[in-house]
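If you read the sequences in order, they're chains A and B.
For the first sequence, this note's numbering gives the first residue as 227, with consecutive numbering after it.
For the second sequence, this note's numbering gives the first residue as 71, with consecutive numbering after it.
FYI, nobody ran anything at the bench for these hints, they're computed from the structure.
Note that the structure is a prediction, hence the values are computed from the model and not measured.
Be a bit skeptical, because a hint or two may be false.
Per the computed footprint, the stretches of chain A lying under chain B, defined by three or more beta-carbons under 8 Å from a beta-carbon of chain B, are [to be verified]: (1) 233 to 240; (2) 319 to 328.
Just a sample of chain A residues kept apart from chain B, beta carbon distances all over 12 Å, derived [claimed, not checked]: (3) Thr314; (4) Asp358; (5) Tyr366; (6) Leu479.
Derived CB-CB ranges, DEER-like [to be verified]: (7) A:Ser253 - B:Arg101: 40 to 46 Å; (8) A:Lys394 - B:Glu187: 38 to 44 Å; (9) B:His143 - A:Ile402: 40 to 46 Å; (10) A:Thr257 - B:Thr132: 40 to 46 Å.
From the three backbone atoms N, C-alpha and C, an ideal C-beta is built for every residue, glycine too.
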Amino acid sequence: MNVRGAIAIFTNELARFFRTAFGSILSPVLTTALYIVVFGAAIGKRMDPHQCGGASYGAFIVPGLIMLTLLSESTSNASFGIYMPRFTGAIYELLSAPVGVLETLIGFVGAAAMKSLIIAGIIMLTAMLLVDYSVAHPLYAAGYIVLVASAFALFGFILGLWADGFEKLQIVPMLILMPLTFLGGTFYSVKMLAEPWSTIAQFNPIFYLISGLRWTFIGHSDVPIGLSLVCTLGFVALCILVIAFIFRTGWRLRE
Amino acid sequence: MGEPILEIHGLSKTYRGGVRALDNVDLAIHRGEIFALLGPNGAGKTTLIGAVCGLVKPTEGTIRAFGEDVRHHWRSARRRIGLVPQELAFDMFARVDHAVEYSRGMFGCPPSKARIEEVLRSLSLWDKRESKIRELSGGMKRRVMIAKALSHDPELLFLDEPTAGVDVELRRDMWKQIDTLRDQGTTIILTTHYIEEAQEMADRVGVIDKGKLLLVDGKDAIMAKLGRTEASISLSAPLGELPATLRAFPLSLVNEGQCLLYRGGDGTGKGKREIAEVLRLLVEQGIGFDGVETRESSLEDIFVDLVENRIEVAA
Numbered sequence: 227m228n229v230r231g232a233i234a235i236f237t238n239e240l241a242r243f244f245r246t247a248f249g250s251i252l253s254p255v256l257t258t259a260l261y262i263v264v265f266g267a268a269i270g271k272r273m274d275p276h277q278c279g280g281a282s283y284g285a286f287i288v289p290g291l292i293m294l295t296l297l298s299e300s301t302s303n304a305s306f307g308i309y310m311p312r313f314t315g316a317i318y319e320l321l322s323a324p325v326g327v328l329e330t331l332i333g334f335v336g337a338a339a340m341k342s343l344i345i346a347g348i349i350m351l352t353a354m355l356l357v358d359y360s361v362a363h364p365l366y367a368a369g370y371i372v373l374v375a376s377a378f379a380l381f382g383f384i385l386g387l388w389a390d391g392f393e394k395l396q397i398v399p400m401l402i403l404m405p406l407t408f409l410g411g412t413f414y415s416v417k418m419l420a421e422p423w424s425t426i427a428q429f430n431p432i433f434y435l436i437s438g439l440r441w442t443f444i445g446h447s448d449v450p451i452g453l454s455l456v457c458t459l460g461f462v463a464l465c466i467l468v469i470a471f472i473f474r475t476g477w478r479l480r481e
Numbered sequence: 071m072g073e074p075i076l077e078i079h080g081l082s083k084t085y086r087g088g089v090r091a092l093d094n095v096d097l098a099i100h101r102g103e104i105f106a107l108l109g110p111n112g113a114g115k116t117t118l119i120g121a122v123c124g125l126v127k128p129t130e131g132t133i134r135a136f137g138e139d140v141r142h143h144w145r146s147a148r149r150r151i152g153l154v155p156q157e158l159a160f161d162m163f164a165r166v167d168h169a170v171e172y173s174r175g176m177f178g179c180p181p182s183k184a185r186i187e188e189v190l191r192s193l194s195l196w197d198k199r200e201s202k203i204r205e206l207s208g209g210m211k212r213r214v215m216i217a218k219a220l221s222h223d224p225e226l227l228f229l230d231e232p233t234a235g236v237d238v239e240l241r242r243d244m245w246k247q248i249d250t251l252r253d254q255g256t257t258i259i260l261t262t263h264y265i266e267e268a269q270e271m272a273d274r275v276g277v278i279d280k281g282k283l284l285l286v287d288g289k290d291a292i293m294a295k296l297g298r299t300e301a302s303i304s305l306s307a308p309l310g311e312l313p314a315t316l317r318a319f320p321l322s323l324v325n326e327g328q329c330l331l332y333r334g335g336d337g338t339g340k341g342k343r344e345i346a347e348v349l350r351l352l353v354e355q356g357i358g359f360d361g362v363e364t365r366e367s368s369l370e371d372i373f374v375d376l377v378e379n380r381i382e383v384a385a
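Excised from the complex, chain B in its bound form (with noise of 0.2 Å):
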């Protein structure tokens, strides 16, 4: 794990009104990470990323960047950070390659049209670089978003909900996009909705709700940590009892012992083997079986859990 990019301490934000959008969080990136900020529509994920990039004042906590405090060295941290906000928003009856411009020397940046053709043929805007943002498709637009927030060759990249609203084909490709990202060497700290996008991409997860930072982890420590397997074996007999040799596993017997019911594993593949060595033990003892169901929790599972349930997540 790399070096931390960015260290949030008692962060907390109490808008005018009384709304407490974000309750003493503590976070840490790594450099070179992808992080996914998981959690539902106004739990505080887009005041976090606000309250670090200088759009919302936090009422209390500190937030440095690059070893710096961002209150105090706000010029430096914001010339190493992009952002890409939720909503399209910027001047529509600006040509492409001028906004794109416009953005790297607001971040003090000396004009490059070599690097403003880098990011736009890398965005696949390269052929629509003459053309006003409002005569694009709203998946082309986004695009633009995106190619401003890296005019500036930003170490330290926010995407909100970069995939919101755009269709499979562009979110995969967007995903190309971060991952290219990534490989160059740019931390991404990713919001999302999407649980899949998280999955697919993340090296770290982190649950939000309520402004309160639920879970922060490794996503396979996640998914060993929460995760489950769940099989149901349909005994071609009923069984009034569990044999002995099967007790050491998490086995139930439901539907007047017609089903063998298995909940267990850690999203690690433990579940798997244990349900295979249980079928084993099946055939071994002559126990006959007509079927049998598996399936594995996903991330949404354990999301779920986490934020409609609150289950306990363990230290």
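Same shape as in the complex, but just chain A (with noise of 0.2 Å):
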């Protein structure tokens, strides 16, 4: 393994994320920040704790708007970050240098999944001054979030590979992610839907992901812990095989 080579990539990753960290952490931040003081002062006293695990509202969103931050942000990280390349032609440099699928795997997801954990580092630190909240389970939350950014981060991957132009790479987080994170209890428990969208939203992977993450913060989840951790095990497993099956056959790589 040539790990000098996936340094390289990480740390160049990392630094064109740097080069305009002002704007890509500040807007993230400033979105949760208004979606907890809209969401948070209209709704959440008119929510009984009851439908919140227990938790106040505030503490109930968290999780869901981490969440939000985290697929957006490793998504798009991603697959900005291997599209620009394919784009401007820079590719060639990865395709004849002795990089392999790990090296690049390492360098393009493992530096997207950074920047989106810096990210949702800082949305928990600005959440603390906003909502009183606790994680209830600080190691599996921590080690949940770093599982979440690096799925979605090689689903990134995939989508900046499939794309063959800047409208597609925006579609599937705009028409796809972000409806289904919204829909997937980003600000309420799905059992407080009315039938058969509580049904409805069982299909919604994105669900499962959200429940697993609340349950880290506040104990309490729609669906068992380790539902949410199969689901998105599974999903990372699918992921690795679509990548490597990608580099064997070169598919939008190599002619």
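Reassemble the complex: the two chains are provided individually, in unrelated frames, and hints are given to aid placement.
Right, dumping it as structure tokens:
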């Protein structure tokens, strides 16, 4: 394995992030703060704590908002990270270098996940200023956040290889991920939904992720944590299989 | 001639859609040489480079670099190969020195400020090391491409149209740089549209068209094989026929006997020697002439003959 190659890609990607750190960090932090203020203040007081697993509404939505950020940032960072060299032609260097699928994933996906973890950390700190919350299972929370960030960075990497234009790069996060996240229980427990929406929500994969992270924060969730973990790990395995196939066939990479 | 550093056998590439970019190409490149690959647009030059460097998956054939099959030993092969593509392609917002350090790291080399400085100085980029790439001129950007390719000390360097679109002064600078690399032992394969460039730099030349290698030989050998000298001797008085003493030379009478035309030689000076002999014989026999115009065919003439007229190349 070319460890130096993986480190070079990783640090280069992080450097790219820090070149635009102000906008990259401020935008999601501001958005999350607005969600907490608007939804927390407007809806929170009307919510029964029993519907929020015994937590305040503000504390209830913090894991959902972190998940919203993790999904969108991991996906967009990884997809842009690999799409830009394809777009500019600089991908030639990656393809002609002694780096394989593992080094490429550590470099691009690792850096994308790291960027979203940095932003998620800052959002958690920001939320602390606005909401009184605690983390019930800190180690599980940290591990779960890293797992989800990696899973969606892998997904973003596939997206960046699939896209052949900037429009396609935006379509999946905006038209699929964002709605699924909002409908997956970011701001509410799906148990609050009437049938058939409560049942339909069970088919939304993001619901299991949000539920899992919520369990690590407030110790209560809509589905067992084990099921959430199985869903997340299954998603990671699927993404890795797809990426391995792409590298083996050279699809969208090699002529 | 050095040992083969690159051996290509039966290499073919057919793209989706059916375009056959390479057609059964055989080629051996020797250590320490500069090899120029000439060909019109779409001839297959870039595909050939891409196949060796890992950008293109060949349909058939084998490529051995440094004695090993690149398909199976791609990591060790790629560590020793550098590529400067035709297009300017990099992160335009990166600093020059960071971009070069990144390339070095990606090829598995440990960080080395000294090596980065050496490469940047050799390409007159040291003063621009802290500049963003987008702030540089086109010529400087092309130098950054070369610096990135040299950062891991490749033994085999591919330069795909290295001087395309650069001004004459920069082209001369690059030729010097390529000469320096050759002196340091780097084997260089360059593709070019500029025949002058191949004539100036290359030890051997290959001509490729429609995916087929039409000719591979030493530059001097090509000139000897396919080069020609032309001389037009304007006679003071027309001749009815060639004098017997001149019939051994490739001469003909044109313009109603007013002009003696020589077409011969082999690009090694034989033509000039024969013309001098013809002139001496003309003086000796008292045949007057008013002027002599001579012209040597260039590599460009040979290239045009090969590609456009498809002249037969003697084995």
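Hint-by-hint comparison with the structure:
Judged by the Cβ-Cβ criterion of 8 Å, the segment 233 to 240 of chain A is covered by chain B as claimed, because 5 of its residues qualify and three suffice. Residues of the segment 319 to 328 of chain A with a Cβ under 8 Å from some Cβ of chain B number 8, which satisfies the need for three, so the listed coverage holds. The beta carbon of A:Thr314 sits about 5 Å from the closest Cβ of chain B, which is not more than 12 Å, so the claim that it is off the interface is violated. At roughly 41 Å, the least C-beta separation between A:Asp358 and chain B is larger than 12 Å, which holds for a residue marked as non-interface.
Under the 12 Å C-beta cut-off, the non-interface status given to A:Tyr366 relative to chain B holds; the minimum distance is some 35 Å. Interface exclusion of A:Leu479 from chain B breaks down, the closest Cβ pair being 9 Å apart, not more than 12 Å. Under the hint 40 to 46 Å, the C-beta atoms of A:Ser253 and B:Arg101, about 54 Å apart, miss the expected range. In this structure the supplied range 38 to 44 Å holds for A:Lys394 paired with B:Glu187, their Cβ-Cβ distance being about 42 Å.
The hint said 40 to 46 Å for the Cβ distance between B:His143 and A:Ile402, and at roughly 42 Å that hint holds. Roughly 55 Å separates the CB atoms of A:Thr257 and B:Thr132, a value that falls outside the hinted 40 to 46 Å.
Consistency note: the structure conflicts with the earlier hints numbered 3, 6, 7 and 10.
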